[in-house]
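So the sequences go chain by chain: E and U. Per this note's numbering, residue 120 is the first one in the first sequence, and the count goes up by one each step. Per this note's numbering, residue 73 is the first one in the second sequence, and the count goes up by one each step.
Incorrect hints may appear among the rest.
Stated by the list, open to error - Here are the simulated lysine-lysine pairs, PhoX-like style, with alpha carbons at most 25 angstroms apart:
1) Lys73/U - Lys140/U
2) Lys114/U - Lys126/E
3) Lys184/E - Lys114/U
4) Lys184/E - Lys126/E
Worth flagging that the hints you see were computed from the coordinates, not collected in a lab. Please read these numbers as outputs of a predicted model, since none were measured by experiment.
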Amino acid sequence: SAVISQKPSRDICQRGTSLTIQCQVDSQVTMMFWYRQQPGQSLTLIATANQGSEATYESGFVIDKFPISRPNLTFSTLTVSNMSPEDSSIYLCSVEFGPEAFFGQGTRLTVV
Amino acid sequence: KQEVTQIPAALSVPEGENLVLNCSFTDSAIYNLQWFRQDPGKGLTSLLLIQSSQREQTSGRLNASLDKSSGRSTLYIAASQPGDSATYLCAVRGGSARQLTFGSGTQLTVLP
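Can you build the whole structure from these sequences, using the hints too?
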């Protein structure tokens with residue numbers, strides 16, 4: 120298993136600003152995943168982050184809106200840029216060990 | 073495209089009752105299926121992982137079954153407790169990218 124720490128756990132932000140979410144894992148992993156969970160919805164994959172290369176974004180998500188960094192094998196950040204109320208969601212990072220996925224405790228973002 | 077459905081969307085039961093949560097998926101070509109628990113506003117906790125070659129997995133009071141050919145999985149919770157109250161999500165892994173596709177969850181309330 121893995122211990123995944125996310126910061127911040129929650130935040131309230133003004134529209135038009137940006138928020139950077141940090142994800143720290145207690146073991147080295149090749150890939151880290153970022154998901155969004157909109158209110159009342161299930162999880163949607165935003166992007167996959169590999170160390171030393173550009174993140175791979177899913178359809179509907181773009182790098183200008185959700186830039187991702189992956190400076191080493193235990194850490195990643197997701198930035199939500201130029202926020203609007205529609206960005207209010209829970210953002211989760213995830214890693215995989217073998218066939219099993221593990222998640223951080225999530226960042227609950229409210230944009231006002 | 074894989075679609076995952078969970079029924080019911082919400083369930084309320086008295087403490088001590090045995091219950092079954094359902095998960096169905098449209099594409100039977102999966103690698104595995106994972107059940108998660110999510111407490112309000114929080115991240116996901118992995119409960120059980122079933123590989124595509126397996127029929128069931130057990131952990132304590134939880135038992136998950138998989139019928140790949142019919143595209144169904146069930147999560148059986150024995151002797152439910154108020155602490156079991158949470159949203160239960162199933163996710164299937166499949167496709168060339170081996171991505172996880174999530175259901176929308178079943179919100180369980182166990183009444184004391």
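Hint check:
no.: 1; hint: Lys73/U - Lys140/U; result: 16 angstroms, holds
no.: 2; hint: Lys114/U - Lys126/E; result: 13 angstroms, holds
no.: 3; hint: Lys184/E - Lys114/U; result: 24 angstroms, holds
no.: 4; hint: Lys184/E - Lys126/E; result: 19 angstroms, holds
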